[in-house]
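Join the two chains into one complex using the hints; note that each chain is given alone, in its own frame.
Respectively, the protein sequence lines represent chains X and Y. Just so it is clear: in the first sequence, position 187 is 912 by the working numbering, and no numbers are missing. Just so it is clear: in the second sequence, position 54 is 114 by the working numbering, and no numbers are missing.
Take these hints with a grain of salt, some might be off.
Said to hold, decoys possible - Label pairs and their in silico Cβ distance ranges:
(1) Y/Phe143 x X/Lys770: 20 to 28 Å
(2) X/Glu847 x Y/Leu89: 49 to 57 Å
(3) Y/Ala95 x X/Glu768: 47 to 55 Å
(4) Y/Phe143 x X/Arg883: 20 to 28 Å
Said to hold, decoys possible - Derived DSS-like pairs: lysine-lysine, alpha-carbon spacing no greater than 25 Å straight-line:
(5) X/Lys740 x Y/Lys130
(6) X/Lys1038 x Y/Lys100
(7) X/Lys1049 x Y/Lys106
(8) X/Lys1049 x Y/Lys110
(9) Y/Lys76 x X/Lys770
(10) Y/Lys134 x X/Lys1010
(11) X/Lys837 x Y/Lys79
(12) Y/Lys106 x X/Lys1038
(13) X/Lys885 x Y/Lys94
(14) X/Lys773 x Y/Lys130
(15) Y/Lys76 x X/Lys838
(16) Y/Lys110 x X/Lys825
(17) Y/Lys106 x X/Lys740
(18) Y/Lys130 x X/Lys837
(19) X/Lys1038 x Y/Lys130
(20) Y/Lys85 x X/Lys740
(21) Y/Lys76 x X/Lys837
(22) X/Lys936 x X/Lys862
(23) Y/Lys100 x X/Lys770
(24) Y/Lys124 x X/Lys1038
(25) Y/Lys106 x X/Lys1106
(26) Y/Lys79 x X/Lys838
(27) X/Lys1106 x Y/Lys100
Keep in mind that the hints were calculated from the coordinates and are not lab data. None of the values given here were measured: they were computed from a predicted structure. Note that the Cβ used here is the ideal one computed from N, Cα and C, for glycine as well.
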Amino acid sequence: MADIISEYEDRLTSKIVDEIRNNLPKGVSDTKLKKIMEAVYGEYKTAKVHPGESVGLISAESIGEPGTQMTLNTFHFAGVAEMNVTLGLPRIIEILDGRKALENPMMEIYLKKPHATGKKIEELRQLALQIKETKLKDISTEFTISIADFTIEVKFDREKMKELELTMGKVLDAITKQLKGYNIRDNKDSLTLKSRSKEETFNDAYKTKEKIKEINVKGVKGISQVLPVKREEEFIIITAGSNLADVLQLEEVDAYRTTTNNIFEIEQVLGIEAARQAIINEIFKVIESQGLNVDVRHIMLVADTMCVSGTLKGITRYGVVSEKSSVLARASFETPIKHIINAALVGEVDNLNSVIENVMVNQPVPIGTGLPSLTVKAPEKKGKEK
Amino acid sequence: MLGEVIIQKMKKIKFKVDKHILTPKHSKLSEKEKAQLFEKYHVTSKEMPKILRTDASLRELDAKPGDTIKITRKSPTAGESLFYRVVTDV
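One chain only, chain Y, in its complex shape (with noise of 0.2 Å):
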């Protein structure tokens, strides 16, 4: 039953939520990327912004809590600008 339910939501939104132009680039860091990337900034997962696991542009990147997410962002005065937020339940 609750099978069901999710199926039919994700049908309902057949675009891609990447695609959107408010919506930058988003994908999921490597274990070693991400130890890299918490030695590189002195930061443990705890301190780093989050993102919910249900948040819509994860919908095709099967995170999980814990889970890294590297976000490409257009940036008008850096060009392109990196920025990384951890997966949290709720």
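Okay, chain X solo, but in the shape it has when bound (with noise of 0.2 Å):
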């Protein structure tokens, strides 16, 4: 009996082939089940895609309707207080153009046991504040110049200070750090910085003081907010602000389910086959967010799209479509004129294969019964079957 499923098996999707496994009735005999199988594999030959169908007409018609029916504004996340998240049709327009700065960029921290527990939820509590970044701004109360020498003096909030359990010594480290060329002398509860090149201006110390202000003195870069929140039976910490790599290295964290919403970020730490069920989910939370209903399969195909060429692009006349190998078709887009120039200067040459060049110039387009050669052409061996 098993023989019988197992030979549709690579022809069938494992999905329905588990199907059946699990709902065929006791003492099915072979005849009945070789039967079941030819109609299950009949249906499902139906249900394919026929070659030449335009399938990416047919996403962009199903997501781009419901896409008419999606809030024009970024609200606030439902339920979860003081957390910006930019939803609806910009969201989806952020995704898809393949930007890398992000409106509001998200991360969702997944704990490991100990601590996702949140039966102390003061420990939790601590670790978010870890995580959380802490500039050298955020713990000094005064930024003073001298005119006379161009020394930078820093004062401190000691209690600030104490809150964070930051010490003088690691805030002098920090600084060392991500500085250099500067002298540092510790007065206790300030710090005085001199330029070790004798041409400093007064504009060298001016930018050196706003630059100062951002450095990164405890916790991880780029997070500026954290939130425990309950998900679930565990607790999690949602951040605004993200920057994945970092936030994996941490001891705490469970690296295999923490994520960002910031596309790129996953492309670079965890590869481009991340990215694309990235960018499914992403788009797929925010339809169904919104009460819609769209099919997955629209939006796995301009995942797909993006992620073809083993980066990130896209849909936008510098990512997808400037991969396009035709020329009219790149022109169509958007700025035909420069295209149209560039093309005539290289002597580009348009084989006119695809849907848009032919449209343009008034001649059948190849899908559909439009493309017969590729459907109807012989095979060179015998025994090939599609």
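Encoded structure:
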């Protein structure tokens, strides 16, 4: 019995095969099972997309129409106070354009067992504070530049430092590591910075002053807000600001479930396939949160298109569209004159292989019934079945 | 000098990329499997989807340009689906 099912294993998807295995009534005869499998396979074949079907067009319509019903505004995260989240159309556009700088970067940090249970709330809060970035300006009260010798003096808020468990030594370490070419003197409640170069001007000192304000003295760089929340049975930390590479290094973090909404970071840290999955998840999350219904297959197609070249490409004239081989197809998207002039200069040839260029020159398009050469082409070797 | 830099970079990421929930399983195809695949779909390696040699998920596979990577994705519609990418430089 198992042989008959496994015979079909490479022709049917594993999900269908599993379903048949689980729902088969006991004591089916081999001949009947064979009939069942044939019927399922026949049904599966008719459900497949036909060669020449313009799937991209269908996807575009299927995502575009519900898109018109989406909200155009940024809302607060329902139920979770104080955290801003981009939703609706702006977020979809952000994902599809493949933007590197997001409006509201966010992370969901999962924790390892003892921390995730939330039995020790205080510890959890401490952990969240450890992750949050503290900049030099957060723990200091005053930055002054002496006009006489261009030294910079930083006065510290001792109470705040105590709260964050920071010592002067740690702060000094952080500054020396991130600022080169300065002598630093520690005078207990403040630090005095003096440039080693003799040609320091007031302008340089001012620039340095602005720079040291942003120095990271504690926590993960880029994480500006933290918020522990209960998600189902466990506690997780939601952050504003994102830095996947550094957060995954932390010991208390469950690195295998922690994610960010910045797809570029995912591509860098986890690879292109993870980025594809992230695109699908993120788009689907938005569509679902708006109460709309779009089949995942359409989103999967878009995600695949963005990831085929091995790097993440947005659906813009600099991304996916610039990869098209046809001059006319590129010109039909945006900035036509630029593309046509450049093509004329280098003598590009357009073979009119695809859809848009054929529409432009008033010829039948190679989709659907316009594509018989592909489906009817006789196999070169015998015994080939498609 | 260059070797040092690379070693440090690998050390920094100590967790296995493969085990992350977002990353599907990657494996390298043998020459024979590769030829079979190309014949089955009537393609050449030029027409295949690409993956960068420096991709994070290939760190432990020792893949060279020209290799074919088999990716076993978890799919919400098909249960499990196979995808193939060819390794390229840059």
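Going through the hints against the structure:
1. Take Y/Phe143 and X/Lys770: their Cβ atoms lie about 21 Å apart, and the range 20 to 28 Å holds.
2. The hinted window of 49 to 57 Å between X/Glu847 and Y/Leu89 holds, with their beta carbons roughly 52 Å apart.
3. The hinted window of 47 to 55 Å between Y/Ala95 and X/Glu768 is violated, with their beta carbons roughly 33 Å apart.
4. Distance hint for Y/Phe143 and X/Arg883: a CB-CB separation of about 57 Å, inconsistent with the stated range 20 to 28 Å.
5. About 19 Å separates the Cα atoms of X/Lys740 and Y/Lys130, which keeps this hinted pair within 25 Å; it holds.
6. At most 25 Å may separate the alpha-carbon atoms for a hinted pair to count; X/Lys1038 and Y/Lys100 exceed this at roughly 29 Å.
7. Our distance criterion of 25 Å between C-alpha atoms is met by X/Lys1049 and Y/Lys106, whose separation comes to about 15 Å.
8. Taken as a hint, the X/Lys1049 and Y/Lys110 pair is honoured in the structure, with Cα atoms around 15 Å apart against an allowance of 25 Å.
9. Distance check on the hinted pair: Y/Lys76 and X/Lys770 sit about 38 Å apart at the alpha-carbon level, beyond 25 Å; violated.
10. Taken as a hint, the Y/Lys134 and X/Lys1010 pair is honoured in the structure, with Cα atoms around 18 Å apart against an allowance of 25 Å.
11. Using a Cα cut-off of 25 Å, the hinted pair X/Lys837 and Y/Lys79 holds, with the two alpha carbons roughly 15 Å apart.
12. Between the alpha carbons of Y/Lys106 and X/Lys1038 the distance comes to roughly 19 Å, so the proposed pair stays at or under 25 Å and holds.
13. In summary, the hint linking X/Lys885 to Y/Lys94 is not supported, as the alpha carbons are separated by about 62 Å, beyond the 25 Å threshold.
14. The hinted pair formed by X/Lys773 and Y/Lys130 meets the criterion: a straight-line CA distance of about 23 Å does not exceed 25 Å.
15. The hinted pair formed by Y/Lys76 and X/Lys838 meets the criterion: a straight-line CA distance of about 19 Å does not exceed 25 Å.
16. For the hint linking Y/Lys110 to X/Lys825, the alpha-carbon distance of about 21 Å falls within 25 Å, and the restraint holds.
17. Distance restraint check for Y/Lys106 and X/Lys740: the Cα-Cα separation of roughly 31 Å exceeds the 25 Å cut-off, and the hinted pair is therefore not satisfied.
18. Proposed proximity of Y/Lys130 and X/Lys837 is contradicted: the alpha carbons are some 31 Å apart, above 25 Å.
19. This hinted pair checks out: X/Lys1038 and Y/Lys130 have alpha carbons roughly 22 Å apart, not beyond 25 Å.
20. Restraint check for Y/Lys85 and X/Lys740: satisfied, since their Cα atoms lie roughly 18 Å apart, inside the 25 Å limit.
21. As the CA atoms of Y/Lys76 and X/Lys837 are separated by approximately 16 Å, the hinted pair is consistent with the 25 Å bound.
22. Simply put, X/Lys936 and X/Lys862 have alpha-carbon atoms about 10 Å apart, close enough for the 25 Å limit, and the pair holds.
23. At roughly 18 Å between alpha-carbon atoms, Y/Lys100 and X/Lys770 fall within 25 Å of each other, so this suggested pair holds.
24. The suggested pairing of Y/Lys124 with X/Lys1038 holds, with an alpha-carbon distance near 23 Å, which does not exceed 25 Å.
25. The straight-line distance between the Cα atoms of Y/Lys106 and X/Lys1106 is roughly 22 Å, inside the 25 Å bound, and the hint therefore holds.
26. With a CA separation close to 17 Å, the supplied pair Y/Lys79 and X/Lys838 stays within the 25 Å bound.
27. Among the hinted pairs, X/Lys1106 with Y/Lys100 is consistent with the structure: their alpha-carbon atoms are about 12 Å apart, no more than 25 Å.
The structure shown violates the earlier hints numbered 3, 4, 6, 9, 13, 17, 18.
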